[in-house]
Amino acid sequence: MKMEDIVNDLMATLGLDNLQTMLGIPDDEQVIHLPAAQLLTAVEKLLELGVWHLSAITCLQEKCFILLYHFWCFGNLTLRVEVAEGTPCIRSVSALIPGAEYYEREIREMYGIEFEGLTNPSSLFLPDNWHAGYPMRTTDEQNAVAGENERKNGMQGGTS
Amino acid sequence: MNKVVVPIGPQHPLLKEPMSFLISLEGEQVVDSVLRLGYVHRGIEKLAQQRTYIQNVYLIERICGICSHIHTTTYCQAVETLLGLEVPKRGLYIRTLLCELERIHSHLLWLGVLSKNIGLDTIFMYAWRDREIVLNLMEEISGGRVSHAVNVIGGVRVDLDAMHIATLQNGLAELNDRVEELTRSIEHDRSFAARTRGIGKLTLEDVKRFCVVGPVARASGLNIDLRRDAPYGAYRDFEMEVPIMDQGDVWARSMVRMYETVQAIRLSRRIVEALPEGAVSVKAPRKVPQGEIVSRAEAPRGEVFYYVRSDGTQVPARLKVRTPTLTNLITLSKQLKDVQMADVSSVIAGVDLCIACADR
Amino acid sequence: MKKNSIKVSNIVSWARKKSPWILHFNSGGCNGCDIEILSLLTPLYDVERFGILKESSPRHADILICTGPVTEQVKPRLQRIYDQIPEPKWVLAVGSCSCTGGIFSGSYNILGGIDKLLPVDMYIPGCPCRPETIIDGIIKLVELME
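Residue numbers (my numbering), protein chains in the order written: chain A, 1 to 160; chain U, 1 to 360; chain B, 1 to 146.
Calculated lysine to aspartate or glutamate pairs in the EDC-like style (CA-CA distance at most 20 Å, straight line):
| # | chain 1 | residue 1 | chain 2 | residue 2 |
| --- | --- | --- | --- | --- |
| 1 | A | Lys63 | U | Asp311 |
| 2 | U | Lys208 | A | Glu44 |
| 3 | A | Lys45 | A | Asp9 |
| 4 | U | Lys320 | A | Glu82 |
| 5 | U | Lys201 | U | Asp343 |
Worth flagging that the hints you see were computed from the coordinates, not collected in a lab.
Could you put together the complete structure from these sequences and hints?
What follows is the structure in structure tokens.
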């Protein structure tokens with residue numbers, strides 16, 4: 001099936017209407033915004049439609065956490081899910097796509113988002129004795145300091 | 001029978017990079033294995049948020065020393081698209097030429113490592129001796145054997161003159177003969193087959209469930225190669241054959257990689273012959289407009305994935321890197337199950353691990 | 001008795017200088033310097049003509065060749081490997097990462113240089129180092145082995 005038809009089919013099944021495009025190489029990405037509750041249904045439907053390759057799960061932190069599930073099937077497709085700050089928690093897709101396990105474990109230790117149903121939640125990259133919080137999280141304070149440094153240093157950019 | 005746990009790594013003659021396996025054996029058969037990563041985790045994604053886009057080109061090159069050029073290619077093409085730049089054709093061809101030369105060097109490196117692991121030291125010596133031809137060619141073009149620093153945002157920083165082209169053509173012709181001879185001898189060699197056939201099997205079903213990429217997937221029958229199916233750079237102008245096998249064991253992976261090396265040499269010669277005239281780069285502004293982009297490329301080990309998010313400043317807001325080895329590592333437990341202890345070295349080398357890429 | 005003991009120790013020093021066995025360990029580097037170190041064993045550079053053998057066990061080695069900016073996870077293992085190498089031992093830091101942390105300095109997970117953990121005898125800078133530079137460094141270290 002062509003990616004256009006897959007996207008239309010998926011959105012019709014789930015009753016979604018929020019579709020945007022994002023730049024991609026070689027073609028643009030189709031980005032479907034969906035609520036966290038519908039994530040597993042969407043992934044099941046995608047597997048039915050023959051889209052099984054999950055390239056990566058990206059985590060962003062803005063006012064809340066945003067998870068981007070990047071799929072590829074001779075065309076690009078991204079599912080965008082928002083997770084509230086506070087005690088961030090979302091269902092794991094590793095039961096449907098076992099290849100997602102490492103991506104979820106990485107997000108768990110870098111950002112602190114809990115994945116319900118993840119069978120092996122142990123540390124992946126960080127050392128066993130790591131106690132310094134979640135490295136990739138940004139706080140408002142950190143943002144302010146980083147912004148000051150960029151404005152002051154310009155070319156240098158790096159930190160000590 | 002009693003279970004014995006054998007630790008392999010982080011320091012072990014089999015492993016070129018630190019990683020830790022705990023292999024549980026019953027007699028001589030592996031029943032379970034646990035993998036511990038993180039020994040090479042340098043926090044590249046966090047570092048990238050503290051450096052400008054231009055400084056990140058040098059940082060990203062050092063995610064991995066073996067596939068450094070493909071990382072910078074994927075990153076630079078993402079930033080160039082965000083900036084709305086069009087890289088001149090000559091620049092794209094030179095970039096792609098180096099991608100293919102890097103593929104040749106990476107596969108010959110892997111062949112040497114696999115042979116050393118299974119005890120056939122002669123193939124290691126021959127493969128790495130022939131690899132020196134490719135390293136010399138890359139040094140002629142860029143000035144560096146392993147780290148080339150050829151990519152800049154906007155194109156490439158080197159140009160090829162008539163002497164470079166003559167050296168490339170001679171070098172590639174010599175390499176072609178050597179690699180074809182190596183491929184023929186490995187294809188029919190009974191010792192190599194005895195150590196690699198029938199072990200570390202992955203079916204097509206497993207490949208799809210675990211989202212495996214690269215030669216490991218193609219050796220199990222998956223007919224996907226991003227250079228042909230989602231072409232980037234100069235690949236749009238060339239047709240290519242993609243070697244596929246369906247046995248799914250270490251032998252099939254070896255043959256896929258050897259045929260890919262032969263294909264890469266042919267493709268490099270075609271790129272050199274068809275090199276168009278013109279500039280090699282365009283000037284790129286320092287500030288990248290707001291936006292986000294996803295970029296994929298076919299590294300020697302499979303699909304490499306980049307996500308870049310820009311907030312309108314000189315420093316990226318988010319850089320996400322997913323390397324092919326991370327995807328393939330999930331299958332290692334399954335591959336090692338029911339394998340004899342003596343074949344563990346073959347399975348580990350057959351996946352062509354690059355832990356520096358996986359851990360970042 | 002005194003004459004005999006001086007002769008034996010001379011022979012031991014001479015043998016050690018003529019055959020420095022190395023142990024290679026990657027403490028979190030990008031692999032660039034490591035493949036250049038492996039290239040030393042190949043026909044083009046061939047360090048075996050200097051008597052250098054790449055050993056697998058720390059107990060058999062004289063020189064520890066270390067690359068990479070020591071990551072937190074690898075730190076205890078690197079210390080253990082160093083302790084396992086019998087005296088006299090030397091440490092060679094190959095590559096800019098292992099000298100000072102290189103391009104990764106500032107990261108949350110690295111120490112930044114092997115000399116923060118072990119006493120280093122020779123620094124070989126480069127990113128990555130060329131095999132000729134590494135051979136030069138090893139030969140200079142062997143000359144210092146008096």
